[in-house]
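The hints should help you fit chain B with the ligand onto chain A, whose structure is shown.
Residue numbers (the working numbering), protein chains in the order written: chain A, 1 to 303; chain B, 1 to 637.
These are calculated hints, taken from the structure and not from any lab test.
Don't take every hint at face value.
Label-pair distances were calculated between CB atoms; the ranges are [what the hints assert, rightly or not]: (1) B/Leu50 x A/Arg31: 40 to 46 Å; (2) B/Gln245 x A/Ala129: 38 to 44 Å; (3) B/Glu333 x A/Asp95: 39 to 45 Å; (4) A/Arg31 x B/Thr323: 34 to 40 Å; (5) A/Ala76 x B/Asp287: 55 to 61 Å; (6) B/Glu608 x A/Ala129: 56 to 62 Å; (7) B/Arg203 x A/Glu4: 38 to 44 Å; (8) B/Glu321 x A/Asp95: 53 to 59 Å; (9) B/Ala300 x A/Leu92: 45 to 51 Å; (10) A/Leu92 x B/Gln245: 31 to 37 Å; (11) B/Asp302 x A/Leu92: 40 to 46 Å; (12) B/Gln245 x A/Asp79: 28 to 34 Å.
We put the CB at the ideal spot given by N, CA and C, even for glycine.
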Amino acid sequence: MTAENYSLSVLRQLEAESIYIMREVAAEFERPVIMYSVGKDSSVLLRLAQKAFAPGRIPFPLLHIDTAFKFPEMYAFRDRVCAAAGVELRVLGNDAAIAAGTNPWDIGTVNCCGLLKTKALLDALKAGAYDAVIGGARREEERSRAKERIYSFRDGHGQWDPRNQRPELWNLYNGRIHPGESIGVFPLSNWTELDIWRYIATENIEVVPLYFAAEREVVRRGGQLLPVGAKTRLLPGEAVERAMIRYRSLGCYPCTGAVESNAMNVGDIVAELEITRFSERVTRVIDHDRDGSMEQKKREGYF
Amino acid sequence: MATMVATPRESTQREPDLLRLTTAGSVDDGKSTLIGRLLHDAGAIYEDQLEALRAKAAAGTGAIDLSLITDGLRAERDQGITIDVAYRYFSTPRRRFIIADTPGHLQYTRNMATGASTADLAVILIDASIGIQTQSKRHGFIVSMLGVPRIVVAVNKMDLVGFDRDVFERLRDEYGAFASRLRFSDVTFIPISALSGDNVVHRSTQTPWFDGLPLLPHLESVYVAGDANLIDFRFPVQRVVRPDQNFRGYAGAVASGVARVGDDVVVLPSGRRTSIARILTAEGDRDYAFPPQAVTVCLADDVDVARGDMLAHPNNIPRVERTLEAMVVWMSEAPLDPGRVYLIKQTTRTVKASCSDVVYRVNPDTLHRETTTQLQLNEIGRLRFTLFEPLFVDEYRKNRRTGGFIIVDPASNATVAAGMVIERKAAADPVAPSERTGSNVFRQAGKVASVDRSRILGQTPLTVWLTGLPGSGKSTLAHALERRLIDAGHAAFVLDGDNLRHGLTRDLGFTPDARRENVRRVAEAARLMNDAGLIVIAALISPYHEDRAMAQSIIGAERFLETYLSASADACEKRDPKGLYARARRGELAEFTGVNAPYERPDAPALELPSGTESIERCVERLFDVVAQRAFPNARG
Ligand SMILES: Nc1nc2c(ncn2[C@@H]2O[C@H](COP(=O)(O)OP(=O)(O)O)[C@@H](O)[C@H]2O)c(=O)[nH]1
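Isolated chain A (complex conformation):
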């Protein structure tokens, strides 16, 4: 008989915690939904949800808030992966704002985000009457997230008040709410970017190919390497160049910076992150255009 081993690796501990959280949500809420952003964290979230409910199916739909500014590769990936997983995908956006041509170049990233993301999300949550909204945010990602609860209480307007959060002890999550209120749930709270990639490696999880280095068209602007999308406007003096780049996080193409990299596969990415001296958020245009902007956005209901 092989000796029994009673220790779990850090990754398996994190996995167990996340599964526990998702099962709690399934047991205690009426209308949960998983925010699906097509990125690496969402891919991990999806795998964890599959595990949590095996041999049954995931008992919640997925919700993607579309801004019409995602990379084309992301749309293709999203539709294929969700179909293969047999989950229900709901795609919603602020159609009026999209039709009106809302973009970050004319009104700034903060206003654009407010319309295309936050407003769209709040409307979608209200329309779906969701009482638990599972997101892939991690505390390590950003300073104001370090204080986020695993169960994050949102009032009837979907807003988050950092001063009015419930104390969270042990693994006892308080999911009780009044009608109209909701709980943002973050099963990946204790994961780091490196954990995500190590898990993707261990579990062979498929991710959008934009995470892997390739020669792509970019334009240098304000210290960032920005992708050149369908609607990107070049400023005077700017030129499109080709460079070996990859993305560390994926959002809307106008506001997502690339990093120069030769990491062609998951193993390369893990190796790259083990020695990197720069944080993941450095490539997000939205975070550092105003001090404390992430916290402001979160108060308003951003995920």
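Same frame as chain A, but now just chain B with the ligand:
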């Protein structure tokens, strides 16, 4: 056949493990600076984050302010204090760390309790230039009450006192005396300067007199794997999984203990017995499950199980309680209202409850008990609750997962308090009397978990506590059982009360106090022997309820098998193997149990043996079967 749970990649020795720590200190003790220093010197701060700090520093002194690294929400930045628990992540090649950074501000006891609830270790800061403040003691008390097994006392700002050894040692002795009254397994003092980095990550040249490890190396090497409770199997059911007619399973995370396919289990609260048919994960079937694994369990029989039910081994079940006594930290602006109905959430179970009694409030600065009828925000008290439905609990000190609970206000839905279940016995009070250990006696943590010993010996240690009148057959039965166990290949040892009175307890008489001390010493000895892995058979009259309860709390409920030899006084006196009844009757023996000293029958012994009517051989067999089931269930046929 049986397979390893972990793949080879995951089970190699070099795989870093996880340490969850929490920090506590009064405002300005240097907590933010220390965490910033730790993250910075461990290389956990990204270049772009440092860049932002350098930009801020340029305006001021030029040196970057490490405390800004951990600065979080905008409101706090404006006020210049931290007001909520923040979690930080960093790793070294040896370990992954999650720091719960909790504010030291007077009002925020609740945040400290939150951070401590999941911590393996707490770092408590003391400002060497100021000395020990009442808050420093408060922090130690809260951390201990929340069951954090070990602390590091970082004596900070040593640069301000010229790295003076005397200052450090004075603070160490003073705080050490206080800490020895709390239940820590390890208390380590380190002289540091967070500002200049002395003894934080690297050894300081300023403290040649200090021979301990700097903070980070200490955090990297402290042994925590033995903390997991692998003895008492508890499986709170989260969800019933029923994807189709052919499958019915119960999803949950193992709260404690280890369960194997084939194990007998009892379902609480129904009391139905069945066995484990399968243990599933998304990757397939497992042979066994252990904490904190999330699995799905299938049972052999079609019994009724719902969310909030609990599975346990039939011979080791939690307390099923309709009243609860607990230490409670009140966390809400609205004070405790004893007339109200609250909700208690414990494991996956939520029940209505009301507070029936405020036993006392603890002054966390002095550890004194104060009489009150109420509990306010950030106060700590010992409360009794009446539960509308039963809860399945263990003492928090033995099981954080099944002993901790939160209290929710059903009207506002706010989490208003957190509680830790205690035993009803005075001996189990979390505020240990100071005379229990001398002021400078610290427990040294070992590097061997009891499961390691169990594995070698092939048995789970246990103390069979034989109680009964003189002449009821305790000694005979004890030695016969010992023989039977040894013959079956199991390490067992008898602690016979009469024999011990020639040595360990020779200074004691037979007054109630002396009997109590007698029981205490034998129980402590039994506990040590259990810790060493042995099955202990203690034969002691132990006539008082209270003393036996004390023995149980010393040895641990899960290891304590109270066995009552119920031979009647008449039968014992008739038998009188040592001629003692006759002597007592003649007035030669004072305080002889059964003649001129009382014997309190156990109310609910684990086993009652009618030793007056049944043969000793028959009693031995019955007892052996019970011991075998608990101590080596897998060794049977
Ligand atoms: N001299 C000296 N000052 C320190 C040390 N650690 C922190 N400080 C200073 O003490 C003050 C309070 O530190 P801070 O980290 O903000 O304390 P907190 O309130 O506990 O987070 C700041 O001015 C720090 O620079 C130290 O080791 N030596």
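The hints, checked one at a time:
1. B/Leu50 x A/Arg31: 40 to 46 Å: 44 Å, holds
2. B/Gln245 x A/Ala129: 38 to 44 Å: 31 Å, violated
3. B/Glu333 x A/Asp95: 39 to 45 Å: Given range 39 to 45 Å: holds, Cβ gap about 43 Å.
4. A/Arg31 x B/Thr323: 34 to 40 Å: Hint holds: Cβ distance 37 Å, inside 34 to 40 Å.
5. A/Ala76 x B/Asp287: 55 to 61 Å: 42 Å, violated
6. B/Glu608 x A/Ala129: 56 to 62 Å: The hinted range 56 to 62 Å holds for B/Glu608 and A/Ala129, with Cβ atoms some 58 Å apart.
7. B/Arg203 x A/Glu4: 38 to 44 Å: 39 Å Cβ-Cβ, so the 38 to 44 Å window holds.
8. B/Glu321 x A/Asp95: 53 to 59 Å: 56 Å, holds
9. B/Ala300 x A/Leu92: 45 to 51 Å: About 46 Å separates the Cβ atoms of B/Ala300 and A/Leu92, which means 45 to 51 Å holds.
10. A/Leu92 x B/Gln245: 31 to 37 Å: Between A/Leu92 and B/Gln245, where Cβ atoms are some 36 Å apart, the hint holds.
11. B/Asp302 x A/Leu92: 40 to 46 Å: 43 Å, holds
12. B/Gln245 x A/Asp79: 28 to 34 Å: Roughly 33 Å apart at Cβ, these two residues keep to the hinted range, so it holds.
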